[in-house]
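Protein chains in written order, with this note's numbering: chain Y, 753 to 995; chain D, 5 to 404; chain C, 36 to 442.
Don't read these hints as lab results, they were simulated from the structure. Hints should not be assumed to be uniformly reliable.
Stated by the list, open to error - Covered, in the sense of this in silico footprint (three residues per stretch, anywhere, with C-beta under 8 Å from a C-beta of chain Y), are these stretches of chain C:
#: 1; region: 42-56
#: 2; region: 350-364
Stated by the list, open to error - Only part of the chain C face toward chain Y is listed, based on derived beta-carbon distances under 8 Å:
#: 3; residue: Met36
#: 4; residue: Leu432
#: 5; residue: Pro436
Said to hold, decoys possible - With a Cα cut of at most 27 Å, we get these calculated BS3-like pairs of lysine-lysine:
#: 6; chain 1: C; residue 1: Lys364; chain 2: Y; residue 2: Lys840
#: 7; chain 1: Y; residue 1: Lys838; chain 2: Y; residue 2: Lys885
#: 8; chain 1: Y; residue 1: Lys885; chain 2: C; residue 2: Lys364
#: 9; chain 1: Y; residue 1: Lys785; chain 2: Y; residue 2: Lys983
#: 10; chain 1: D; residue 1: Lys15; chain 2: C; residue 2: Lys50
#: 11; chain 1: C; residue 1: Lys42; chain 2: D; residue 2: Lys12
#: 12; chain 1: D; residue 1: Lys71; chain 2: D; residue 2: Lys257
#: 13; chain 1: D; residue 1: Lys50; chain 2: D; residue 2: Lys397
#: 14; chain 1: D; residue 1: Lys381; chain 2: D; residue 2: Lys397
#: 15; chain 1: Y; residue 1: Lys968; chain 2: Y; residue 2: Lys983
#: 16; chain 1: Y; residue 1: Lys885; chain 2: D; residue 2: Lys15
#: 17; chain 1: C; residue 1: Lys400; chain 2: Y; residue 2: Lys838
#: 18; chain 1: C; residue 1: Lys299; chain 2: C; residue 2: Lys316
#: 19; chain 1: D; residue 1: Lys381; chain 2: D; residue 2: Lys50
#: 20; chain 1: D; residue 1: Lys299; chain 2: D; residue 2: Lys71
#: 21; chain 1: C; residue 1: Lys80; chain 2: D; residue 2: Lys381
#: 22; chain 1: C; residue 1: Lys433; chain 2: Y; residue 2: Lys840
#: 23; chain 1: Y; residue 1: Lys785; chain 2: Y; residue 2: Lys840
#: 24; chain 1: C; residue 1: Lys316; chain 2: C; residue 2: Lys364
#: 25; chain 1: D; residue 1: Lys381; chain 2: C; residue 2: Lys299
#: 26; chain 1: D; residue 1: Lys295; chain 2: D; residue 2: Lys257
#: 27; chain 1: C; residue 1: Lys316; chain 2: C; residue 2: Lys400
#: 28; chain 1: C; residue 1: Lys433; chain 2: Y; residue 2: Lys838
#: 29; chain 1: D; residue 1: Lys12; chain 2: C; residue 2: Lys50
#: 30; chain 1: D; residue 1: Lys15; chain 2: C; residue 2: Lys42
#: 31; chain 1: C; residue 1: Lys80; chain 2: C; residue 2: Lys433
All residues carry an ideal CB built from backbone N, CA and C; glycine is no exception.
Chain residues, written in single-letter form:
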Amino acid sequence: MAEIQSSTLRNGVRLEGVRKRYGQGDTAVDALKGVDMSVSPGEVVGLIGPSGSGKSTLLKCLGAVIEPTAGRMTVGEDTIYDDGWKIKDLRALRRDKIGFVFQAPYLIPFLDVLDNVALMPMLAGVPNAEARKRAMEMLQALDVSHRARGMPSQLSGGEQQRVAIARALVNRPPVILADEPTAPLDSERALSVIRILNQMALQFHTAIIVVTHDEKIIPTFRRIYHIRDGKTHEEAGEGREIA
Amino acid sequence: MMQSLGGKGRKIVLAGVLLVLLALLAYVVLRSGPLAPVGVTVAEVKKQTVAPALFGIGTVEARAIHKIGPTAPGRLLRVEVQVGDTVKAGELLAEMEPLDLESRQRAQAAAVQRSRANVQSAEAQVQEVAVRKAYAQTQAKRYEQLLAAQSTSEELLALKQQEAQAMSASASAAQANLEAARQELQRLQHEQEALAQQRSNLRLVSPVSGRVIQRSADAGTTMVAGQAVVEIVEEGALWVHARFDQQRAQGLKAGLAAQVALRSLGGAPVAGQVVRVEPRADAVTEEVLAKVEFKTEKLPSIGELAEVTVALPAQQERPVVGSASLQRVGGQLGVWVVEEGGHRFAPVVPGVSDLDGRTQILEGLQGGETVVLYSEKALDSGSRIHVVERLVKPAAGTAK
Amino acid sequence: MISLAGKDILHSWGKFILTGVGLGLLIGVTLTMAGVYRGMVDDAKVLLDNSGADLWVVQQDTQGPYAESSSLYDDTYRSVQGTEGVARVANVTYLTMQVRRVSAAGALTGREVRAMVVGVSPEGPGAPGYPRFLIDGRHISRSHYEAVADIASGFALGDRIKIRRNIYTVVGLTRRMVSSGGDPMVFIPIKDAQQAQFLKDNDAIVHQRERTAQNPMVNRPGTPGVLDAVIAIQGSNPYVNAVLVQLEPQADPQAVAETLRRWKRLSVYTRLQMEDILIAKLIATSARQIGMFLVILAVVSAAIVAFIIYTLTMGKIREIAVLKLIGTKNTTIASMILQQAIGLGLIGFAVGKIASTFWAPFFPKYVLLIPEDSLRGLVAVVVICVLASILAIRAALKVDPAEAIGG
Numbered sequence: 753m754a755e756i757q758s759s760t761l762r763n764g765v766r767l768e769g770v771r772k773r774y775g776q777g778d779t780a781v782d783a784l785k786g787v788d789m790s791v792s793p794g795e796v797v798g799l800i801g802p803s804g805s806g807k808s809t810l811l812k813c814l815g816a817v818i819e820p821t822a823g824r825m826t827v828g829e830d831t832i833y834d835d836g837w838k839i840k841d842l843r844a845l846r847r848d849k850i851g852f853v854f855q856a857p858y859l860i861p862f863l864d865v866l867d868n869v870a871l872m873p874m875l876a877g878v879p880n881a882e883a884r885k886r887a888m889e890m891l892q893a894l895d896v897s898h899r900a901r902g903m904p905s906q907l908s909g910g911e912q913q914r915v916a917i918a919r920a921l922v923n924r925p926p927v928i929l930a931d932e933p934t935a936p937l938d939s940e941r942a943l944s945v946i947r948i949l950n951q952m953a954l955q956f957h958t959a960i961i962v963v964t965h966d967e968k969i970i971p972t973f974r975r976i977y978h979i980r981d982g983k984t985h986e987e988a989g990e991g992r993e994i995a
Numbered sequence: 005m006m007q008s009l010g011g012k013g014r015k016i017v018l019a020g021v022l023l024v025l026l027a028l029l030a031y032v033v034l035r036s037g038p039l040a041p042v043g044v045t046v047a048e049v050k051k052q053t054v055a056p057a058l059f060g061i062g063t064v065e066a067r068a069i070h071k072i073g074p075t076a077p078g079r080l081l082r083v084e085v086q087v088g089d090t091v092k093a094g095e096l097l098a099e100m101e102p103l104d105l106e107s108r109q110r111a112q113a114a115a116v117q118r119s120r121a122n123v124q125s126a127e128a129q130v131q132e133v134a135v136r137k138a139y140a141q142t143q144a145k146r147y148e149q150l151l152a153a154q155s156t157s158e159e160l161l162a163l164k165q166q167e168a169q170a171m172s173a174s175a176s177a178a179q180a181n182l183e184a185a186r187q188e189l190q191r192l193q194h195e196q197e198a199l200a201q202q203r204s205n206l207r208l209v210s211p212v213s214g215r216v217i218q219r220s221a222d223a224g225t226t227m228v229a230g231q232a233v234v235e236i237v238e239e240g241a242l243w244v245h246a247r248f249d250q251q252r253a254q255g256l257k258a259g260l261a262a263q264v265a266l267r268s269l270g271g272a273p274v275a276g277q278v279v280r281v282e283p284r285a286d287a288v289t290e291e292v293l294a295k296v297e298f299k300t301e302k303l304p305s306i307g308e309l310a311e312v313t314v315a316l317p318a319q320q321e322r323p324v325v326g327s328a329s330l331q332r333v334g335g336q337l338g339v340w341v342v343e344e345g346g347h348r349f350a351p352v353v354p355g356v357s358d359l360d361g362r363t364q365i366l367e368g369l370q371g372g373e374t375v376v377l378y379s380e381k382a383l384d385s386g387s388r389i390h391v392v393e394r395l396v397k398p399a400a401g402t403a404k
Numbered sequence: 036m037i038s039l040a041g042k043d044i045l046h047s048w049g050k051f052i053l054t055g056v057g058l059g060l061l062i063g064v065t066l067t068m069a070g071v072y073r074g075m076v077d078d079a080k081v082l083l084d085n086s087g088a089d090l091w092v093v094q095q096d097t098q099g100p101y102a103e104s105s106s107l108y109d110d111t112y113r114s115v116q117g118t119e120g121v122a123r124v125a126n127v128t129y130l131t132m133q134v135r136r137v138s139a140a141g142a143l144t145g146r147e148v149r150a151m152v153v154g155v156s157p158e159g160p161g162a163p164g165y166p167r168f169l170i171d172g173r174h175i176s177r178s179h180y181e182a183v184a185d186i187a188s189g190f191a192l193g194d195r196i197k198i199r200r201n202i203y204t205v206v207g208l209t210r211r212m213v214s215s216g217g218d219p220m221v222f223i224p225i226k227d228a229q230q231a232q233f234l235k236d237n238d239a240i241v242h243q244r245e246r247t248a249q250n251p252m253v254n255r256p257g258t259p260g261v262l263d264a265v266i267a268i269q270g271s272n273p274y275v276n277a278v279l280v281q282l283e284p285q286a287d288p289q290a291v292a293e294t295l296r297r298w299k300r301l302s303v304y305t306r307l308q309m310e311d312i313l314i315a316k317l318i319a320t321s322a323r324q325i326g327m328f329l330v331i332l333a334v335v336s337a338a339i340v341a342f343i344i345y346t347l348t349m350g351k352i353r354e355i356a357v358l359k360l361i362g363t364k365n366t367t368i369a370s371m372i373l374q375q376a377i378g379l380g381l382i383g384f385a386v387g388k389i390a391s392t393f394w395a396p397f398f399p400k401y402v403l404l405i406p407e408d409s410l411r412g413l414v415a416v417v418v419i420c421v422l423a424s425i426l427a428i429r430a431a432l433k434v435d436p437a438e439a440i441g442g
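Turn these sequences into a full structure, and let the hints steer you where they fit.
See the structure below:
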């Protein structure tokens with residue numbers, strides 16, 4: 753673990769001085785007031801903060817869903833933002849470089865499990881057969897391949913979440929943003945999800961940022977970013993082992 | 005819904021539904037609307053005879069209606085008969101009031117009597133004059149003898165001769181008078197006879213044995229000359245005055261057998277015969293008129309409507325089509341002949357037809373062709389046809 | 036790339052098909068209404084076609100015999116026949132009245148049918164006024180008491196029907212012989228038809244005779260036959276409604292019509308003029324009535340189609356947001372919506388066309404569904420679906436993928 757931590761951040765995520773201002777003039781609100789973050793590949797860090805602290809704003813900036821006001825963002829090898837978007841096709845960015853995991857699995861209900869995952873490489877232009885092959889590999893990695901031909905509504909909540917994670921991972925993005933992935937789950941399942949995330953991070957060299965306030969999983973993080981009033985500060989986490 | 009079937013099963017079901025939909029759509033587009041073929045039924049043209057018949061309607065009439073009435077104006081004294089009475093020939097039906105006729109007859113009788121008296125007196129006068137004439141002639145002769153004996157004068161002889169001549173003349177005059185009186189008597193007697201005839205004319209008698217069908221006036225009515233009081237019809241002498249359309253009445257002549265259907269007999273036909281075809285047709289209604297006699301037990305009423313079917317002689321064998329096959333296309337009358345490659349219009353010249361619509365074809369068909377009988381639409385050379393058994397479902401309960 | 040539209044349809048195929056059927060019935064109703072309109076116009080055209088005439092000769096200064104009443108003496112046809120260019124003429128009478136079936140005993144049975152009773156001259160098939168084709172039976176062969184009926188009247192071969200005073204036997208059946216109002220036609224011999232039209236009922240005749248008998252001018256004692264003669268004249272029916280004329284093949288209808296107008300003091304109409312009278316004057320109001328309803332129906336149908344497609348799309352808004360978030364192209368999303376909309380429209384059109392074809396024969400009046408209208412309907416449905424999907428696509432594309440990420 754330590755070796756990885758100290759390696760260069762070439763394929764991780766880095767934010768420097770990221771600001772986000774909503775509105776103009778007197779009614780302007782600064783949601784982010786200069787955020788610095790860095791996550792290495794293979795690392796799973798927590799992002800913790802009360803509501804209104806700007807954590808979803810930060811996630812949206814990182815996810816290239818909204819545009820920051822100032823700062824610098826690097827994903828993998830690409831600087832995606834440096835006081836202005838440096839990438840033309842944000843959609844392709846999201847498709848190829850950033851994976852999303854949400855509270856709810858948000859699977860497409862009319863596609864079967866395999867196609868839900870295979871959709872990602874297909875969107876990137878990969879031929880259907882190859883895309884399905886990659887999707888199957890990912891499902892196997894997440895131990896839900898036996899459900900490949902089922903419809904999402906036939907799976908349990910935990911299985912659905914694992915499929916969602918598979919979908920986030922299948923294009924091997926450098927970063928995965930997870931927004932409260934364990935909120936609806938009990939402690940056993942929550943820890944199971946975190947364990948999977950850690951496994952996947954290592955297996956696929958992915959940097960994973962987990963936004964959460966779930967007490968059950970916070971102790972598992974080695975590093976934690978606290979965010980308050982638009983500023984972050986880093987803290988060492990407990991790093992508890994997951995059984 | 006179909007989760008249990010899985011993706012493949014679902015695909016099959018959906019494909020099935022869509023296929024059915026497409027098939028129905030294709031069926032609908034091709035089989036209905038202007039793209040659809042026209043259903044027709046066909047019939048074979050056979051060589052047959054037809055027994056044409058003429059159909060006409062008419063009214064039952066009496067062969068002769070005798071309208072009995074006075075020959076001179078007068079007043080009706082009494083009517084002896086009622087409608088429906090049977091009368092014999094010569095029976096008294098009614099009588100007119102004699103009015104002044106009796107007085108005139110009496111006057112006339114008196115005149116005759118007087119005339120007879122005149123004749124008698126004329127005869128007496130003739131006798132008297134004859135006697136005097138004889139005397140005068142005798143005297144003349146005597147005086148001639150006397151003159152010869154020179155017992156008298158020539159003047160006296162001349163006087164006696166003159167008297168004799170005068171008497172002779174008187175005798176002629178008296179004779180003439182008698183003649184005149186006799187003629188006068190005859191004349192008055194003839195007039196008397198005339199009055200008697202007039203008197204007998206006041207008695208209206210039946211000229212034939214028969215039935216009274218109308219009584220037009222009652223006692224006391226003033227009548228004019230020629231006005232009928234009673235109408236008599238000979239018993240059983242009825243016939244149908246029938247009317248036939250001029251255009252279809254060729255071949256109608258006396259002697260043809262006919263079926264007469266009377267309304268009072270419920271329309272059941274009775275046998276009859278055409279008695280004559282009226283020489284004068286009806287120019288306004290364009291009908292030929294004919295009289296058709298018939299025999300029934302129960303006599304119908306006069307004026308009742310009757311339907312007459314006259315059988316015309318059967319024609320020789322010729323190709324026959326049903327009347328429904330005849331159509332007019334482009335101004336020509338003809339039939340649609342169905343052949344291998346399709347159908348074509350064949351102009352024909354039709355001949356006679358019978359009352360069931362079977363029409364003989366004089367020109368245009370040989371026999372053995374298949375022609376269109378019924379069709380759903382008017383055909384033209386560009387239509388697509390489609391032969392079926394029937395176009396109309398048979399009505400429930402009837403087997404026409 | 037898989038077909039998102041296809042997968043979605045496959046997944047909720049029942050809802051899709053049912054929506055298509057519902058849409059289809061609405062489209063079917065609109066197509067049928069167009070058919071009703073066309074049927075009305077066709078009724079008028081068919082009336083003119085079926086009479087087999089090139090010219091209509093009617094009472095002077097009337098627009099009869101269909102739009103107005105017209106009365107001619109029945110010997111007028113003789114002078115028309117002699118005119119140059121005229122091939123065949125026939126007297127004809129038209130009267131719309133109630134006709135009823137009777138049993139063998141003469142009792143009235145069944146319901147009354149409103150029919151146009153046509154009196155045809157006895158020349159036979161091919162003459163003007165005769166039905167041009169039959170679907171069963173034969174043409175009239177007797178000069179009285181036979182009838183050929185249109186099948187829309189409900190009569191069958193062999194039925195006995197009562198028209199005014201007389202009972203007629205149905206000897207032939209025909210189809211699509213209707214008046215401009217859609218009433219079925221019944222053809223009877225013209226002499227019977229003249230009597231039906233012009234001879235009054237028994238009570239009226241008796242009263243007329245009594246009134247005539249009281250008239251001292253005709254009921255003088257010195258002239259015994261005059262009263263009977265006058266009553267006989269009153270009972271005769273020498274009128275017809277029109278004379279139908281068929282022209283020689285090379286004759287000019289306008290020229291012959293003009294000759295007849297000028298020299299015979301009659302009103303004469305060519306086929307085009309009759310069409311104008313019937314369509315522009317007789318059915319114009321009804322046609323406009325239906326036309327307006329058709330327009331409203333079409334607009335309402337369009338709105339409902341648009342609404343349905345919009346709602347279908349909006350129901351998928353969460354999936355659309357997720358798709359956008361995970362990197363689906365806008366065009367892919369737009370094409371999914373468009374494909375579904377057009378697919379729905381095509382299914383709806385197919386259902387509508389099939390339904391309207393199957394239920395059209397049950398309408399009491401003629402419904403004419405022509406391919407041009409179906410094609411127009413198809414184009415309209417597709418266009419509306421496309422426009423509706425555009426609205427939905429705009430809404431879909433405006434969706435902020437950020438909403439997928441909670442606040």
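Task: Hinted pair Y/Lys785 and Y/Lys983, Cα distance within 27 Å - done: Holds. Y/Lys785 to Y/Lys983 sits at ~6 Å (cutoff 27 Å).
Task: D/Lys381 paired with C/Lys299 [C-alpha distance capped at 27 Å] - done: Since the Cα atoms of D/Lys381 and C/Lys299 sit roughly 36 Å apart, the hinted pair is violated (cutoff 27 Å).
Task: Given coverage of the region 42-56 of chain C by chain Y, checked by CB-CB distance under 8 Å (3 or more) - done: holds (count 5)
Open item on the list: Hinted pair, alpha-carbon criterion (27 Å max): C/Lys42, D/Lys12. Please report holds or violated.
Closed with: holds (12 Å)
Open item on the list: Given the hinted pair D/Lys15 and C/Lys42, is their Cα-Cα distance within 27 Å?
Closed with: Judged against 27 Å, a Cα distance of about 10 Å means the pair holds.
Open item on the list: Hinted pair, alpha-carbon criterion (27 Å max): D/Lys295, D/Lys257. Please report holds or violated.
Closed with: holds (10 Å)
TODO: Measure nothing beyond the straight line between the CA atoms of C/Lys316 and C/Lys400; if it is 27 Å or shorter, mark the hint as holding.
DONE: holds (20 Å)
TODO: Measure nothing beyond the straight line between the CA atoms of C/Lys400 and Y/Lys838; if it is 27 Å or shorter, mark the hint as holding.
DONE: violated (71 Å)
Open item on the list: Just to be careful, I want the Cα atoms of D/Lys15 and C/Lys50 compared with a cutoff of 27 Å; is the pair within it?
Closed with: Cα-Cα ~15 Å, so holds.
TODO: Starting from D/Lys71, check that the Cα of D/Lys257 is at most 27 Å away, please.
DONE: Distance ~30 Å between D/Lys71 and D/Lys257 Cα, so the pair is violated.
- [ ] Decide if the proposed pair is consistent with the structure: C/Lys80 and D/Lys381, CA atoms, cutoff 27 Å inclusive.
- [x] Status holds; Cα separation ~14 Å.
TODO: Decide if the proposed pair is consistent with the structure: Y/Lys968 and Y/Lys983, CA atoms, cutoff 27 Å inclusive.
DONE: holds (24 Å)
Of the hints listed earlier, those the structure fails to meet are numbers 4, 7, 12, 17, 24, 25, 31, in rising order.
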